[in-house]
Amino acid sequence: MKRMSFVIAALLASTSISALPALAEGVKVGLMFTLSGPAAALGEQGRNGFQLAVAQMGGLGGMPAEVVVVDDEQKPDIAANKARELVERDNVDFVVGPIFSNILMAIHKPVTDAGKFLISPNAGTSNFAGADCNPNFFVTSYQNDQSHQVMGAYAQSQGFQNVFLMAPNYQAGKDSLNGFKRSYTGGVVAEVFTPLGQLDFSAELAQIAAYQPDAVFTFMPGGMGVNLVKQYRQAGLENIPFLSAFTVDESTLPGQKDAALGFLAGANWAPDIDVPESKAFVAAYEAAYGAVPGSYAMQAYDAAQLIDSALRKVGGDMSNADALRSALEAAEFKSLRGKFAFGNNHYPIQNFYLTQAIKRDDGKYQTSIVQTIFEDYQDTYAADCKMK
Amino acid sequence: MTNLFLLQLLNGAQLGVLLFLIAAGLTLIFGIMDFINLAHGVLYMVGAYVMASFAMLTGSFWLALGLTVPAMLICGLLLEFTVFRALYARSHLDQVLATFGLVLVISEGVKILWGSAPLTVPMPDLLSGSVGLIGPLKYPVYRLAILVVGLASALGLYVLITQTRIGMLLRAGASNREMVSALGVNVGRLFAMVFAFGAMLAGFAGAIVAPILSVDTGMGESVLILAFVVIVIGGIGSIRGAFMGALLVGVVDTMGRSFGPIVLRMIMEPAAAGQLGRTLAPMLVYILMAAILFARPAGLFGRRAE
Amino acid sequence: MRLMGRDLVALLLFAGFAAVPLLANLLQDPFLLVIATRMLAFAIAAMGLDLVLGYGALVSFGHAAYLGIGAYAVTILMRLGVYDIGLHLLAGIAAAVVFAVGTGAVSLRTRGVYFIMITLAFSQMAYFFFVSFSALGGDDGASLPQRSTLFGHDLLENDLWLFWLALGLLIGLFLVCRAIVGSRFGRVLCGARENPQRMQAIGFVPFGYQLTAYVISGAITSIAGVLLANQAEFVSPALMNWHRSGELIVMVVLGGIGTLSGAIAGAVLALLLEETLAGFTQYWKLWFGLFLVGIVLFAPGGVQGLVARIKLQIGSRR
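Protein chains in written order, with our numbering: chain X, 14 to 401; chain P, 1010 to 1315; chain E, 10 to 327.
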């Protein structure tokens, strides 16, 4: 019996030894991405993009960088715990992540309460853009509604009269359809929220077939999108225009393949954007990881560049949080998107495009820019944020 | 509206038939060996992954399917020999625990071997596209094929169980294991066969569903619970029960999710109807199961055993 | 009440826990307290489950629902402006009792695997209910604005205070469970587990006793839910996932079912394993699963059973 409690004490002790003291000279970044489950491809892109940037820059801000990679398993409760571990036990200086909005909602409080900077390279919920904006929170992607507003504007310009809307039942899903309806004022024949993670869309596709709308707009990231597009084509519905955001992109195209060709989407970037740094990034990414990078990788790369630029601006001195914050707000780096600036709410002001899924000559799939829809587009919640 | 109804009926039947393939093996294993196998869901998943690999290797759907089925049979035999054989005599709790552990091992193993990104299996050209049903209504040929295959399997299993000697042994083993053993039948071999067969059915279900769903490590979970609900509703050990239960669950789940809100909207305002519909829809199957168990605590066709 | 060997185990575990703050100070790792608090919460939950699983032989595959009920009681009350932990605990227990009476009355009409499945079904219903409850965040869960208040003060914001509260609750509930198990009620429950017909023959109707045990068990587990909500300051339906119910069963069996201290030991061991394995490899679940299969195949009776067998070996060799 005594043996057991000794063993327990020893094991307890050993768990703390694994936490090495942080390097005195250097920066520690915690990456929190979804690295398992149907949406793992998105998290992998984010992680790869960030790590590629750090490797290319040889550190961050001219200092050695230690990157701790954590898998949130797309589970908010696990993410909340791991975020706490990152800031309390591993003592990271920055947390970069997550991919999914519901994870963001879970990790925002633990990270910002601990006084660390949280930089989201993908999720950009409306509440943190408006009333709940936080000085320690930055977003290098977009505000969730924006890419959807792009498609709404497109649908409006095309004169669609009745559109079928579908999104998963979580904050980003709701933001998505709200964003679409902000710039689309035509009729909505149905607004369907599917359970997050649902992979069989037979029920919803049956409804679409029954309604025969002018177009379908959807937001189905990761594995959900792969299935939806494949099943959409199989159900013979491709004559109904398929508009989307984050559903037909470099993370889902390898799975969708030909089924997605010609489908339109709204995005803040595409691999063929006419920016030299971006072209270099795409080539480097493909050489390193053998896949076409999507916006998830691009935004994570930009996050690394953001940290790098801020650290350089304060001369590597992270002790003054206010100075570091101002340096981050300045965003003095060459974004892969070309134009990039932060609004008062620390969300980006950037261009948005209409993209189309195409097949390249080498057989790989990617999105391609068709036209610019919005220039220097700021999100609609910035005015609600009390920050300057 | 009738178009939607017909479509959803077909979708529900297709889901039901798929659930039957999984539940049939589960109920046999349960009924004959009195063994709770939580790992049945991962067998379904492994079938899909193996199918994806063979499809990538051979480039042909049919060849891949032809290779996957015996592969799953072998897989089942291996598992039975190494792990399950030792668990037959143990309590249900031990079986739950061991198979729960096995689920973790196999799930992680799949992730290590195949990576965590979802895989795809190409649809065979013969079965791609859709057929017109009524008016503008089109239904994918492949789903119809699944329906046909599932019904054929059900028929085949029925014939196997009721008309063949093996089936007789299975039914006897389900009623009284000791007596069958006393009569000189190699019960150990019988069990191994039943398990391998059940694993093969589950793997086959995973393989044929692969072209329409993306193959990833979470696919076994959702299907496992529904399969258990099916065999509990149908009565453990009863193939007929598994068939009825599967169709019932498949149809109720599919119809409930699409027509629930529509029906509710007739009696309450749209916002509340939407909320209530979203709440009740996934629960419907469980409410159904609870109701059936309340009326018949051993399921529809189950024996009042234990 | 005789002091049994298993009580010594419990005492040692409590002492071990009490030493954690000291250890945390020595190793300059305040995070140990966080892990330990989680262990305490799950120990309480596992102990609650052991009451019905070990003593009643009722394999409830839906006990995680009570974790969620406790956690969401905290969330809802905070939304209504109530922050006192005492009220949170009371509300959690009350809700758990209602849920347990309702579901228990239906579930206990079944036996064996049907009981397992129907408890699973009910917990799934609770899970889906909270998933669809968008006002509470639905599937995304909800962050709590702060921890519960103790005697009107924000004492629990300090990890140490929360730890001591959790430990106090564990010890208190252990004593309660021990009293239940040692009482006439407990003996009838065990009797019903061994031979329900005989119990009926001598005049005890198992149903009432089993239902009461089930309700008490659910209430205890909901207390764990209140603690977890406070520890994480985050609540989501994932707490009620059937995987979680399976993990609770694992904890109980790991330590040795039917011994309350075993449930505590099992919870500690399971979480310890998780933490250490996760530190070595991202595929830690593989090893955990292998460990589980190994335990079932080679060490039935869990850790306590293993220790007992080793003791027997040592004893017989003399």
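Be aware that a few hints might be false.
Output of the computed footprint for chain P on chain X, the stretches with three or more beta carbons under 8 Å from beta carbons of chain P [unchecked claim]:
#1 203 to 211
#2 219 to 231
Here chain X is said to cover these stretches of chain P; the calculated rule only asks that three of the stretch's residues, wherever they fall, bring their Cβ under 8 Å from a Cβ of chain X [to be verified]:
#3 1012 to 1022
#4 1069 to 1083
#5 1134 to 1142
#6 1146 to 1160
#7 1256 to 1270
No more than 16 Å apart at the CA atoms, straight line, and that leaves these computed lysine to aspartate or glutamate pairs for EDC-like [claimed, not checked]:
#8 K1147/P <-> E251/X
#9 K41/X <-> E86/X
#10 K1120/P <-> E299/X
#11 K377/X <-> E290/X
#12 K347/X <-> E299/X
#13 K347/X <-> D375/X
#14 K122/X <-> E283/E
#15 K122/X <-> E284/E
#16 K326/X <-> E345/X
#17 K270/X <-> E101/X
It should be emphasised that the hints constitute simulated quantities derived from the structure, not laboratory data.
For every residue, glycine included, the Cβ atom is placed at its ideal position computed from N, Cα and C.
Hints, verified against the model:
{"no.": "1", "hint": "203 to 211", "verdict": "holds (count 3)"}
{"no.": "2", "hint": "219 to 231", "verdict": "holds (count 5)"}
{"no.": "3", "hint": "1012 to 1022", "verdict": "holds (count 5)"}
{"no.": "4", "hint": "1069 to 1083", "verdict": "violated (count 0)"}
{"no.": "5", "hint": "1134 to 1142", "verdict": "holds (count 3)"}
{"no.": "6", "hint": "1146 to 1160", "verdict": "holds (count 6)"}
{"no.": "7", "hint": "1256 to 1270", "verdict": "holds (count 3)"}
{"no.": "8", "hint": "K1147/P <-> E251/X", "verdict": "12 Å, holds"}
{"no.": "9", "hint": "K41/X <-> E86/X", "verdict": "22 Å, violated"}
{"no.": "10", "hint": "K1120/P <-> E299/X", "verdict": "23 Å, violated"}
{"no.": "11", "hint": "K377/X <-> E290/X", "verdict": "21 Å, violated"}
{"no.": "12", "hint": "K347/X <-> E299/X", "verdict": "20 Å, violated"}
{"no.": "13", "hint": "K347/X <-> D375/X", "verdict": "29 Å, violated"}
{"no.": "14", "hint": "K122/X <-> E283/E", "verdict": "25 Å, violated"}
{"no.": "15", "hint": "K122/X <-> E284/E", "verdict": "23 Å, violated"}
{"no.": "16", "hint": "K326/X <-> E345/X", "verdict": "9 Å, holds"}
{"no.": "17", "hint": "K270/X <-> E101/X", "verdict": "43 Å, violated"}
The structure fails to meet hints 4, 9, 10, 11, 12, 13, 14, 15, 17 from the earlier list, while all remaining hints are met.
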